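Visitor: Assemble chains B and C onto chain A, guided by the hints.
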Amino acid sequence: MKRKLTFALVISLIFVTLLSSCAPLATPTEATQAPTQAPTQVSSEETIPKEPIVIGVPSAFSGPIAYVGESYMMGYTLALEELGNEIAGYPIKLVTADNACNPDQAVTAVRKLVDVDNVDLILGSGCSSATLAVMPLLPEAEIAQITEGSTNPKIYDGSGVGGNIWQFRYVPDDRIMAEGFAPFIAAEVKSLSILAYNDDYGRGAAQSYQDILGGLGVEVVSTEYFERGGADFRPLLLNIKEDKPEGLLLVATESDGIVILRQLKELGLTQKLFARGAIVTPLFMEMTKKEPGLNEGIMEGTWWAPGLDPKFDVAFVNRWGTAPSPHRATSYFIMRYVVKAAIEEAAKTGTVDRKSIRDALEKISVETPVGVISFDAHHQAYPNMAVSTVENGTIKLLQVLETKAPTK
Amino acid sequence: MGKKLLLPLLVIILLGMPLIVRLPYFLHILILSAMYVAYALSYDISAGHLGSVSLAHPAFFGTGAYVTGILAPMFGTPFWANFLLAAALVMILAFIMAQPAFRLADISFAIVTLGLAVSLQLVAQNWVELTRGPMCINNIPAVSLFSKGSSVLLSSLQGYYYLFLLVNIVVIVIYRLVTTGRIGRTFTAIRNDEILSATQGINVLRYKQLAFLIGAALAGGVGSIWAHYMTVVCPDYLGLSYTLNLLIIVFIGGVTNYRGIIVTAVVLTIVPEVLRVAPSIRLILYGILLFLAIVLMPEGLAGLVDSVRRRLRKSTSELQSAAAENQSASDSNDATPFSE
Amino acid sequence: MDIFILHLINGITLGAMYALVATGLSVVFGVLRMVNFAHGDLFMLSGYLLVFLYVEKGVPYGLAVVFTVAGMVLVGFLFERIVIRPVVHRTWRIQLIATLAASIVLTNLAILIWGTTPRQAPTILSQNVFRVASVNISYQRILLLVVAVVSFLLLTWFVQKTRTGKAMRAISQNREASVVYGLDIHGISSITFGIGSGFAALAASIITPLYSVEPTVGAMVMMKALAAVILGGLGHVRGTIYAAVLLGITEALFAGYVSYPFRDAAAFIVLIFVLLLRPQGIFGRKVSI
Chain A
1 MKRKLTFALV ISLIFVTLLS SCAPLATPTE ATQAPTQAPT QVSSEETIPK EPIVIGVPSA
61 FSGPIAYVGE SYMMGYTLAL EELGNEIAGY PIKLVTADNA CNPDQAVTAV RKLVDVDNVD
121 LILGSGCSSA TLAVMPLLPE AEIAQITEGS TNPKIYDGSG VGGNIWQFRY VPDDRIMAEG
181 FAPFIAAEVK SLSILAYNDD YGRGAAQSYQ DILGGLGVEV VSTEYFERGG ADFRPLLLNI
241 KEDKPEGLLL VATESDGIVI LRQLKELGLT QKLFARGAIV TPLFMEMTKK EPGLNEGIME
301 GTWWAPGLDP KFDVAFVNRW GTAPSPHRAT SYFIMRYVVK AAIEEAAKTG TVDRKSIRDA
361 LEKISVETPV GVISFDAHHQ AYPNMAVSTV ENGTIKLLQV LETKAPTK
Chain B
1 MGKKLLLPLL VIILLGMPLI VRLPYFLHIL ILSAMYVAYA LSYDISAGHL GSVSLAHPAF
61 FGTGAYVTGI LAPMFGTPFW ANFLLAAALV MILAFIMAQP AFRLADISFA IVTLGLAVSL
121 QLVAQNWVEL TRGPMCINNI PAVSLFSKGS SVLLSSLQGY YYLFLLVNIV VIVIYRLVTT
181 GRIGRTFTAI RNDEILSATQ GINVLRYKQL AFLIGAALAG GVGSIWAHYM TVVCPDYLGL
241 SYTLNLLIIV FIGGVTNYRG IIVTAVVLTI VPEVLRVAPS IRLILYGILL FLAIVLMPEG
301 LAGLVDSVRR RLRKSTSELQ SAAAENQSAS DSNDATPFSE
Chain C
1 MDIFILHLIN GITLGAMYAL VATGLSVVFG VLRMVNFAHG DLFMLSGYLL VFLYVEKGVP
61 YGLAVVFTVA GMVLVGFLFE RIVIRPVVHR TWRIQLIATL AASIVLTNLA ILIWGTTPRQ
121 APTILSQNVF RVASVNISYQ RILLLVVAVV SFLLLTWFVQ KTRTGKAMRA ISQNREASVV
181 YGLDIHGISS ITFGIGSGFA ALAASIITPL YSVEPTVGAM VMMKALAAVI LGGLGHVRGT
241 IYAAVLLGIT EALFAGYVSY PFRDAAAFIV LIFVLLLRPQ GIFGRKVSI
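Protein chains in written order, with this note's numbering: chain A, 1 to 408; chain B, 1 to 340; chain C, 1 to 289.
Be careful, since some hints might not be right.
[Claimed, not checked] Some residues of chain C that are not near chain B, with every Cβ distance over 10 Å (derived):
{"id": "1", "residue": "A170"}
{"id": "2", "residue": "N174"}
{"id": "3", "residue": "I230"}
{"id": "4", "residue": "R238"}
{"id": "5", "residue": "Y242"}
{"id": "6", "residue": "T250"}
[To be verified] Cut-off 25 Å, straight-line C-alpha distance, at most; resulting in silico cross-link-like pairs (DSS-like, lysine-lysine):
{"id": "7", "chain 1": "A", "residue 1": "K363", "chain 2": "A", "residue 2": "K272"}
{"id": "8", "chain 1": "C", "residue 1": "K57", "chain 2": "A", "residue 2": "K290"}
{"id": "9", "chain 1": "A", "residue 1": "K340", "chain 2": "A", "residue 2": "K396"}
{"id": "10", "chain 1": "A", "residue 1": "K265", "chain 2": "A", "residue 2": "K396"}
{"id": "11", "chain 1": "A", "residue 1": "K93", "chain 2": "A", "residue 2": "K272"}
{"id": "12", "chain 1": "C", "residue 1": "K161", "chain 2": "A", "residue 2": "K289"}
[Unchecked claim] Reference listing, derived: stretches of chain C covered by chain A, where coverage requires no fewer than 3 residues with Cβ under 8 Å from a Cβ of chain A:
{"id": "13", "region": "34-46"}
{"id": "14", "region": "126-137"}
{"id": "15", "region": "150-158"}
{"id": "16", "region": "231-237"}
I should point out that these hints are in silico values taken from the structure, not numbers from a laboratory. Remember, it's a predicted structure, so these values are computed and weren't measured experimentally. Just so it is clear, CB atoms sit at the ideal spot from N, CA and C, and this is done for glycine as well.
Here chain A stands alone, though its shape is the one from the complex (with noise of 0.2 Å):
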């Protein structure tokens, strides 16, 4: 009897600190309001500070992919610095989540950035699992999401017109992608194996470019995927050896494309290579340093590449030490242009929040390095992309083409 009237002690225990600590927590809803008069009040005046703008950014910073997270503050906090930590005289704050790309920690975090940090913008979240899973929170708080990097077409779907009013994506999907890019690769070969990441990425990637690239006439022989952080590839290698097609389309980013670009010149491999994820990359040459000319010769097209900006490309190593990515590069261009223009936007409403922030994305369109920004009826941007590939171990930007809206 002791026991359960202990054990009921420890839970009404815990109850209360929790209790206890909501209360002190709950305030800071209301200091929310403080930045909505603030500007109105004080708009002639300098004197008084603005009170900051909470940006929060929900994304992967532990699990398999914690990189990409880590890419992305990269991107955000040099374009912040750039512009000297403010927005439209709005001090910007910088809060993270760790969502480790799972769906339950992803609804987790964006529920703290919103009712704790009371974030006015979220930038994320990361993997299309992630974002998939937020996008129902986002209508309820009120709250905008400019999505970086998830590529699923659900996202584009559901999206403005397609119902969720608060959801923005700023990377093109596949179906986007693969209408600009398949051209250079029916230019060069007839009959082509896909080698793609089993997941919403490599697996919506590799169904756009076999729909696009049959009707180029192009044969597509096979389509394989595989895990991130796997190891072995020469099964599928040799298969494909095996097959002879002409060409080979990679989906896969740095850390896996080594390995299998490793495997594939051990087992001769000669194939024509084609690559739609980050192996065209600074970031891959840096990674590679020991054993140079892995990416010799293949073509990529991608959402960034060296060239586009130069400013941005000598910015970010002498801030980072370490070289620019397409994610380190994308989470830039979002922050110093995008979330810059409809924070400015917002501030000729006077009044910065969730709302007119979430507004303003609608309305802006702003000169960038990789074209007119601007978000459609689906709240999709179209940034260009670009075509690069690698000669005597240099990068060499090929053409910069424009994106539009997918035909079907």
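Guide: Same frame as chain A, now just chains B and C:
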């Protein structure tokens, strides 16, 4: 006397929570910890009470979630039907898995269940036509009592809080039913000495499988409700990270001690959110805690609390009455789990 | 036919890799009667140690391998003292949880120290390829095969001929009697663990240049190694080696001919079928744990 007062108090506190806790974030954390309570208790039935440490438990939870994720959008069935169907199908799955697994003992059993769980996760990952693979199933409808579209109330966070409270009551009642009384005593006998139990005419294998199936079915049911709440089901649900979470909760809380497990599940869900420590630091701390718990106090934190109290009681003059009280209140969890 | 041989060669090198990892596990099981679930993390730590020595400090590869193995033997002693000794007399469940806890700590410690971006350690051997007819195999993989065979022979010699090896066998056969005869159980345990950890280091030193190292790299290798240990018969080292090669070949053929994404299930399917026929493993005697 105290008990009479405290139980209603506890009920009032639990029922009143959503009225006080208004922030969705905190409600979500409460719901998450409620899910872990039910999930961990369902694991303890077989892993704790019978010592069959399976590493496949998330496979049951995940399969339950997938059953709902696939069927609910298709047929618009009410949540309780999904719950029952998920539990039933997962039980069948567990029965099939039990056939090879229970022919093995101890560590081999653990590793074969691990292999089965990995294989099931590969199915979820690669059978794209059925599970949508890594693209995940999304837009799972909110829970409804009768059919599609009815009962808006339950789809609010408050609604889900009460729903998970209800799920917990169901799980705790079933847990208590099977771990106390005649079946519970048999479980204890088997855990304490398998060979001796067998010589006394107990069908050890049948009881072990029974516990395994009940635990699996409960996990499947919890997974089903969780799918409704999350609206998304991904192959991650079947993954090893959930196994580690379960082991941490059950073994730090104290195997076979449902109070300890409940408290640990709630505390370990809430504490990292309050402290906001980096996940790797958190896991390092949990790892160390788990190691210390299993080495120094195999009965878990709850066992530690008990033994400290017993010692205190001994030092006071209450010794006699306490012993008597302890005797009468004792249930199956008095025996040292994993005694050697 | 041609491609079959290529898949087969692929499977044999894969098997050699699993065997090197599994041997350490098996030796430890043989003597201490316990499965160390943190073995994969010792493998991972060895990979980072190699990257540190060979890539960052520029130590020549051969020397870096020697230092890595030596360093990890010491880590093994330490690991035995801190993690294993408190649980060596306890039930298998406690050992399972304790070593899993150690694994959680080590994995996350690695994430904290090195981050999650995979590290590379290419060697001259891994970048040059031996080609004959249609067979292409990097010299690093040939090194892997050679090291596997030589190290197994050395291990066999050590266990059969040396005093320590004989003591290890004695403890493995009858722990109580060994105590009665005055064998230094703790000392032998330490040495056994050092050997197990050393094998993990040897495996990692040869394998890391072929692939890459990241904090979770141990998990999958560890699972295959565990399957091999059980398939071969718990504690039966030679059985483990055969089983590892069998699993490697099965996996490679399954990946090549049946389904690449499901290849990780292949090992477990084999394991389950074999265990249904022989619950003690292919070479195992009936042991009570």
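Visitor: Confirm or reject each hint.
Guide: Going through the hints against the structure:
1. A170: 23 Å, holds
2. N174: With a cut-off of 10 Å, C/N174 remains clear of chain B, as the shortest Cβ separation is near 19 Å.
3. I230: Violated: least Cβ distance 5 Å, not greater than 10 Å.
4. R238: Answer for C/R238: holds, closest chain B Cβ roughly 19 Å.
5. Y242: 18 Å, holds
6. T250: Consistent with the label, C/T250 stays out of reach of chain B, its closest Cβ about 13 Å off (over 10 Å).
7. A/K363 <-> A/K272: 43 Å, violated
8. C/K57 <-> A/K290: Holds - the C-alpha atoms of A/K290 and C/K57 are around 14 Å apart, at most 25 Å.
9. A/K340 <-> A/K396: This hinted pair is violated, its Cα atoms lying about 30 Å apart.
10. A/K265 <-> A/K396: Cα-Cα ~22 Å, so holds.
11. A/K93 <-> A/K272: Answer violated: A/K93 to A/K272 is near 46 Å, above 25 Å.
12. C/K161 <-> A/K289: 46 Å, violated
13. 34-46: violated (count 0)
14. 126-137: holds (count 6)
15. 150-158: Violated - the region 150-158 of chain C has 0 residues with a Cβ nearer than 8 Å to chain A, which falls short of three.
16. 231-237: violated (count 0)
Going through the hint list in order, the structure does not satisfy hints 3, 7, 9, 11, 12, 13, 15, 16.
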